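Q: The primary structure of each chain is shown beneath.
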Amino acid sequence: MKDENANPCEKYELATTNYVMGEDMPISKDELFEHLRNCAKCRADLVDWQDTYASWRTQGTLSQPEVKEKWDKFIKELTGQTLPPTDVKAEIDTAAGKIHNVLKTHGETPILELRQKTGLVDYPFYEAMSWLVMNDKAVYTKGQDNRPSYASPR
Amino acid sequence: MTKDTRSAKRQCSPDQIGDEALVKACQQGDREAWNTLFARYLTPIKFYLLKFSWFKSEAHLDDIIQIAFLTMFEEIRAGKFQPGGPGSFKSWAYNVAQNACRTKNRDEVSQPKPISSLYPSEPTFMPDDILFRFRSGATDYRQVTPKLNEVLKHLTPEEQKLMRLVFCEGKKYKEIQQDPDFAKYTIDYLMLKVYNIRKKAKNLRGSGKPH
Numbered sequence: 001m002k003d004e005n006a007n008p009c010e011k012y013e014l015a016t017t018n019y020v021m022g023e024d025m026p027i028s029k030d031e032l033f034e035h036l037r038n039c040a041k042c043r044a045d046l047v048d049w050q051d052t053y054a055s056w057r058t059q060g061t062l063s064q065p066e067v068k069e070k071w072d073k074f075i076k077e078l079t080g081q082t083l084p085p086t087d088v089k090a091e092i093d094t095a096a097g098k099i100h101n102v103l104k105t106h107g108e109t110p111i112l113e114l115r116q117k118t119g120l121v122d123y124p125f126y127e128a129m130s131w132l133v134m135n136d137k138a139v140y141t142k143g144q145d146n147r148p149s150y151a152s153p154r
Numbered sequence: 001m002t003k004d005t006r007s008a009k010r011q012c013s014p015d016q017i018g019d020e021a022l023v024k025a026c027q028q029g030d031r032e033a034w035n036t037l038f039a040r041y042l043t044p045i046k047f048y049l050l051k052f053s054w055f056k057s058e059a060h061l062d063d064i065i066q067i068a069f070l071t072m073f074e075e076i077r078a079g080k081f082q083p084g085g086p087g088s089f090k091s092w093a094y095n096v097a098q099n100a101c102r103t104k105n106r107d108e109v110s111q112p113k114p115i116s117s118l119y120p121s122e123p124t125f126m127p128d129d130i131l132f133r134f135r136s137g138a139t140d141y142r143q144v145t146p147k148l149n150e151v152l153k154h155l156t157p158e159e160q161k162l163m164r165l166v167f168c169e170g171k172k173y174k175e176i177q178q179d180p181d182f183a184k185y186t187i188d189y190l191m192l193k194v195y196n197i198r199k200k201a202k203n204l205r206g207s208g209k210p211h
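Protein chains in written order, with this note's numbering: chain A, 1 to 154; chain B, 1 to 211.
Hints were generated in silico from the structure; no laboratory data involved.
Here the structure is a predicted model, which means the values were calculated and not measured.
All C-beta atoms in this analysis are idealised placements derived from N, C-alpha and C, irrespective of residue type, glycine included.
To give an idea of the chain A side of the interface with chain B (calculated C-beta under 8 Å), a few residues: (1) E13; (2) Y53; (3) F74.
Just chain B, same shape as in the assembly (with noise of 0.2 Å):
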C-alpha cells in the first residue's frame, strides 16, 4: 500500500475512495481496494445486465457478471485501464460487462439447440437498436424506483408471493406454475398479475416521461 493510499485510507471510509483511486491501490496489491471495487459494482453491473440484455435467468447472469470481474482483475493488474486516462473506471466496467455478455451470446448461440429455447424470440442479446442503446449510468438504478419493499407493502398476500419469486427468485412463469400456490393459474393470468403490479407500482411513483 503506498503513503498516499494509506493517507487516504485514513481521511475516508472505503466507500468515499473514488473508483480510479481504488484502482489505483488495487495494482499496488491492496486486497481490501479490491473486495471494495467489486462489492461496488456488483449491484450495477447486473442491474444493466438485466436492464439491457436478453439474459434473464440467475445462472447466466452469475456467468456473465464472473466473466466480467475475472477480465476487469486481469486487465487492471496488468494495467489495461489506467486511472486518470480517457473514459471513467465505470464506462470502463460497463464495456466489460458489455463483452462478457457477447461472449456468453457467443457461447450460448454456438451451443447445438434451437435459440427459441433459450430466447423469447431473436438470437441477440441485445433489445432492438432503433429504439434506444447500451448507454453506461444513463438511468441510476438507485433513483430509478421505489424499493421493492416499499411496492411490496401495497400488494396483496399473492401479489407478494409472485412478485418474491418473480424478482427475488427469477423465476418463469412455467416454473412459478409449480408452486401450488399459482398451479390453477394459467401464463396468461400471471402475465396479468405481474401487469396490475406495474401500474400499481407506477402510479406509486407518479406517472413516466415520454422519450
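Here chain A stands alone, though its shape is the one from the complex (with noise of 0.2 Å):
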C-alpha cells in the first residue's frame, strides 16, 4: 500500500544534499538537475541548503582558534610587507634612493649585481639609473659589448 505522507521528493533532497557538499550523489547528476528544472521546490530547497551548508562551514571553520590565529598571521606577513608609495614619481625615488646607497658603499657594481643588491626589477630600476646618470649622481660604464655593464657613484 502506497505511503500517502511519502515526500515524493526525498530521493532528490538526498542527492541535493550530497550535491552541495562535494559527495557523490546516490543519483545521477542530469537526474537531479532534470527534476530541478521542473520543481520549484527542490529548487528552493538547494538553494536553502548552499546557505545553510556554506554559513555552517564558515562559522564552523573560522571559529577554531588555530584557524583565526592562521589567517591573522597570513594577513599580517602580507600587510605587514614594506609598502612602497603608489605614485611613479615617489617609487622612481626612492629606488634611485636605494641604487645610491648600494653605490655609495660598493663603489663600481655590475648592473646585474646592482638591480639583485637593490631587489629592483626593470622598472623602476631603469628609470631610476637614469635619472642618476642625468642628475650626475652616477656613471656607467660601457662593458666589452659597447652597453652599460656597470654603474659607479659620481
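Quick one: dock chain against chain with the hints and give me the complex.
A: As C-alpha cells, then:
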C-alpha cells in the first residue's frame, strides 16, 4: 500500500544534500537537474541547503582558534611587507635612493649585481638609473659589448 | 595616515569605517586599515566560495582565499580599484574571489589526474548556470541560517559530533568513517544522518520560500 505521507522529492533532497557537500550522489547529476528544472520546491531546497552548508562551514572552521590564528598570521605577513608609495615619481625616487646607497657602499658594481642588491626589477630600476646619471649622481661604464655594464657613484 | 583618515578613526571604531574609506587608508600605507579590511572580508569570501564553487576542501579554499587576498593587496596598491568609482568594493572583492576560483580550477584541471578524483561529476567549478548565477551579496551569511551552535543544542551527541566533523573540520564521509564512533556506518547512512540534521535545522527556522 502506498504511503500517502511519503515525500516524492526525498530522493532528490538526499541527492542535493550530497551535491552541495561535494560528495557522490545516489542518482546522476542529469537526473537531479532534470528534476530541479521542473520542481520549484526542490530548487528552493537546493538554494536553502547551499546557504546553510556555506554558513555552517564558514562559522565552524573560522571559529576554531588555530584557524583564526593562521589567518591573522597570514594577513599580518601580507600587510607587514614594506609598502612603497603608489605614485610613480615617488617609486622612482625611492629606487634611486636604494641604488645610490648601494653604490656609495660598494663603489663600481656590475648592473646585474646592483639589481640583485637593491631587489629592483626593470621598472623602476632603469628609470631610477637614468635619473641618477642625468643628475650626475652616478656613472655608467660600458663593457666589451659597448653596453652599460657597470654603475658607480659620481 | 591622512588627516581625514585620522579624523574618521577618532570618530568611529574600525568596524564602522566603510570599505571605501578603508581602501583609501590602505592606499596611503595604513597597515591597520589593511588588517581591518582583510579581517572584514575573510568570512564573507569563504561563505561565497563554499556556496558557489565546487571547492569544499579546506586546503583548496585556503589557497583560493590567499590568492584573492594577494590580488586585492597588489591591485589596491596599484590603484586598480578606486574608491568612489563605479561598483562597490564588495562587488569587486567577490569578483577577485571568482577569478581566483577560476585560476585554481585551471591549475587543478591541468594536473595529470582524473577529474573524478577531485570532483563528484563535472570539472567546472560552478554549479549549473541554468538554475542560478553568481550574485555577490545575494544572501547575507549572517541572516541566512540559525547559528551552528544554536542548532547543535537540538541534536543528539552523535549528531553533534557528526556536525563538528563535517562543518568544523570539513571532513568527507570516507574520512568520517575513519573515526571509531562512525566506523560501523555506511556512507549512505551518514548521508541520511546529515539529511536529517538538515531537516531539523529547516524546521527550527520555518519553511523556506520557493524561488
